[in-house]
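Visitor: Since chain S is already given, all that's left is putting chain L on it; use the hints.
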Amino acid sequence: MQPSRTRTRGLLRRVTLPDSAHPLFRPPFRNYQFDSAYDEMFEAPGIPRPHYRALFQTLLDLPSEELRKSQQAAELSFLHQGITFTVYGNSEGTERVFPNDLLPRIIPHAEWRKIESGLTQRIAALNLFLEDIYHNGRILADGIVPKELVYTCRHFRREMRGLNVPRGIYVSICGTDLVRLPDGNFAVLEDNLRVPSGVSYMLANRKVLKKVFPTLFRDYGVCPVDHYAQALLATLRALTPPNFYGRHEPTVVLLTPGVFNSAYFEHTFLAQQMGIELVEGRDLLVHDNVVYMRTTAGLRRVDVIYRRVDDDFLDPLCFQRDSSLGVPGLFNAYRTGNVSLANAIGTGIADDKAVYAYVPAIIRYYLGEDPILANVPTYLLTDRSQQNYVLDHLDELVVKAVGESGGYGMLIGPQSTAEQREDFRRRIQAEPRNYIAQPTLSLSRAPCFLDGEAQARHVDLRPYILYGENVTLVPGGLTRVALRRGSLVVNSSQGGGSKDTWVLRA
Amino acid sequence: MIYSVLHTTTFTYQPAVRESVMEVRLQPRSDGPQHCLTFELDVTPAANIMQYRDFMGNTVHHFDIAGKHSEVKVTARSSVEVQSAPPPNSADAGSWSDLDRAISSVSGSDDYWEMLLPSQFAKSTSCLEAFAKDLRCERRDTPLQLLTELNQSIYESFAYVPNSTNVDSPIDDALHSRQGVCQDFAHIMIALVRPLRIPCCYVSGYMFHRDAAEEKKDRSLEGASHAWIEALIPNLGWIAFDPTNNLIGADRHIRVALGRDYADVPPTRGVHKGEAQSALSVSVTVSPSDAPPPVQLPPTLVIQSRPTTARTPRIDHEQQQQQQ
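Order-wise, the sequence lines are chains S and L.
Take the first sequence: its letters are residues 1 to 506, numbered as in this note's numbering.
Take the second sequence: its letters are residues 1 to 324, numbered as in this note's numbering.
You may find that some hints are simply not true.
Simulated DEER-style distance windows between Cβ atoms [as the list claims (entries may be wrong)]:
#, chain 1, residue 1, chain 2, residue 2, range
1, S, 227, L, 38, 54 to 62 Å
2, S, 227, L, 30, 29 to 37 Å
3, L, 92, S, 395, 54 to 62 Å
4, S, 243, L, 277, 55 to 63 Å
One side of the interface only, derived from the structure: several residues of chain L facing chain S at Cβ under 8 Å [what the hints assert, rightly or not]:
#, residue
5, 43
6, 52
7, 64
Hint data in this document are derived by calculation from the structure and do not stem from the laboratory.
Keep in mind that this is a model prediction, so the values were computed, not measured.
For every residue, glycine included, the Cβ atom is placed at its ideal position computed from N, Cα and C.
Pulled out of the complex, with its shape left as it was, chain S reads as follows (with noise of 0.2 Å):
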């Protein structure tokens, strides 16, 4: 079904001698190009897989004006819309219009299946291991997953020992980064189990886009996304703390770190679309170890914290000491069962990346089943042998720092330039637990409208999983894009943009 190499070449050859026939090369598509990776729209130069025939159709059909004009309203609606992205590591803290592109992409029905049972079966696993490991340590014991791995991780909270949560859920809300390989498989890349990012942004591609296309929406019979914050606010209060008696309804707040976050348009929209209130630390106090917000009424009990603050701001008394951010006191109200916090405190061990090379085995330790999503492989630089081996091949790898995320603290080895290869030898010999390496992935491409064009881009996938009083995904999520040529980081902190995701009814 999938190009072989030797035919992509020889479309690459073609190209060259425009065969105006073919509808390939009419426009938008005269200059699309395919390589080894995967192409989520064509099955083979040309032709467009069954569920990608009708969009294929509509692009070819439409004049190239009228393209650039619906990209130029969906661009205004962001802008007007508000939302918009900050980054980092930019002297002036540039807040920038999340970059949206016009082109959805579309995954079949069973597709979807496969990755919903997939991603459920992880975030169960994940929820016992961190039950496990916070309480009795059974896999320890059992040497599945090595001690020194858990007790070395920076995101390891000691303080969590013999604490039970609401329900045993420690992650409530997960946003799982899935990758396409070469062979057509989706292959899980990371978990993010402490505060993930981007669900507003699948809310709002959805809105655009609607009304952007809005017949080929309708026609193509798309999973609806928009019930994602009720989801979300049901998965909130069906976290009620053991201390709730009686009240009505558990008052819910979301906890923003504040105006300078990258994610607080995200924020926002949330608390706007649940209803509920956005406080920041200072807006909150402890006192006997109830939490109370400050409003115009005077104080009010809070029961559930959606918490968008990252452990370590958390609590001042109980984590960083300076932390302006946090409710000092706030630990001590989570422990005596006052107060929830979703997700709860110490999930980033199980988002570690070297504990994701052990998620295989901890689904079979827990389940035992087989992970129905594979993961991608991955080198442990704490293993002398598995270290030599990626100190030599450093070229043609990706290193990742083991804490860090929003790609920071990465290595690509084949963009990479010798002087960086050199510095991440000798991080990683100075600092093994802190890095993993994998193989540099092909993730799958599909078209994206750039420069009045559509031109071939790497995507990922991240679908958000709700775990309240069951597992939840809505239909969809993240198609996040690199939207440099060529380039595999698709991170919006590093200029990624994305674009909407529509899942088939049938």
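Guide: Coordinates of chain L only, in the frame set by chain S:
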């Protein structure tokens, strides 16, 4: 032997502050050779005192004072029975291979792991490595012999100078100046022995000081809380080493809290709202319980601090820059 301990901590603020939230680790432990018979904690202004046990099994009391206040006074009174133990007998102490067996045979319990890894204050630095080299700090003789020697070497290499370092000073400060307080010596000893794979923990507590007339006077300050270490010696269990006073075993030591280092077990830890000039004064008296009831002595430790400068928006920005 039964001891009575009176530990008073007073914070004063100028101008008054509000919303103080505080955690204290002041209740002596009841395990090993000691038993806490009574414990009383008073806080003024009045507050509801709640408690929990932390992951090391230490009892933590905590409270908050919501209204305006210019002073917080925490008074802890306890009586503790400490059984005197004979000094560890080197004939019974195991070898290095016994130690390795003890560490690896344990399943389920992870305490050793924590006490083998570097921690915030007890981690290796180039200064420490040089010091370790001078002391020939390596796996030689038996674990007990080596620790005994290290305990004495630290005692002899450093001058005990009250207030020469702060509670949060890195060990390099003491290593450079060759002076420090009990805390520094404990951290240095922990950082020296953990890389040899000897489980080692930090102990915060009190010590009963004998009269100055005795031939060997204790160096550590009477009237203050004290810190030392415990290391796992094969066949003997956890043995206390006090490098400040060159003592082994601990029949005059009263254990309050165990941790990886000071960061886990400060006697008091608090946060408040409002910028103020603050002062902290501490006084501790330890007396045999048949002596007259302890009276409060003038404070031995007074720390003045200027108001914390208002956080620049820049720091706030940095803290807000987390994401996933």
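Visitor: Falls inside 55 to 63 Å, the C-beta gap from residue 243/S to residue 277/L?
Guide: violated, 39 Å
Visitor: Does the Cβ pair residue 227/S, residue 38/L satisfy 54 to 62 Å?
Guide: holds, 59 Å
Visitor: With a cut-off of 8 Å, does the beta carbon of residue 64/L approach a beta carbon of chain S closely enough for the hint to hold?
Guide: holds, 6 Å
Visitor: Can we keep the residue 52/L interface hint, with Cβ of chain S closer than 8 Å?
Guide: Residue 52/L check passes; min Cβ-Cβ to chain S is 6 Å, inside 8 Å.
Visitor: Cβ-Cβ distance between residue 92/L and residue 395/S: within 54 to 62 Å?
Guide: Given a distance of about 57 Å, which is inside 54 to 62 Å, the answer is holds.
Visitor: Take the shortest C-beta to C-beta distance between residue 43/L and chain S; is it under 8 Å?
Guide: With Cβ-Cβ at 13 Å, over 8 Å, it is violated.
Visitor: Taking the Cβ atom of residue 227/S and the Cβ atom of residue 30/L, is their distance within the range 29 to 37 Å?
Guide: Given a distance of about 54 Å, which is not inside 29 to 37 Å, the answer is violated.
Going through the hint list in order, the structure does not satisfy hints 2, 4, 5.
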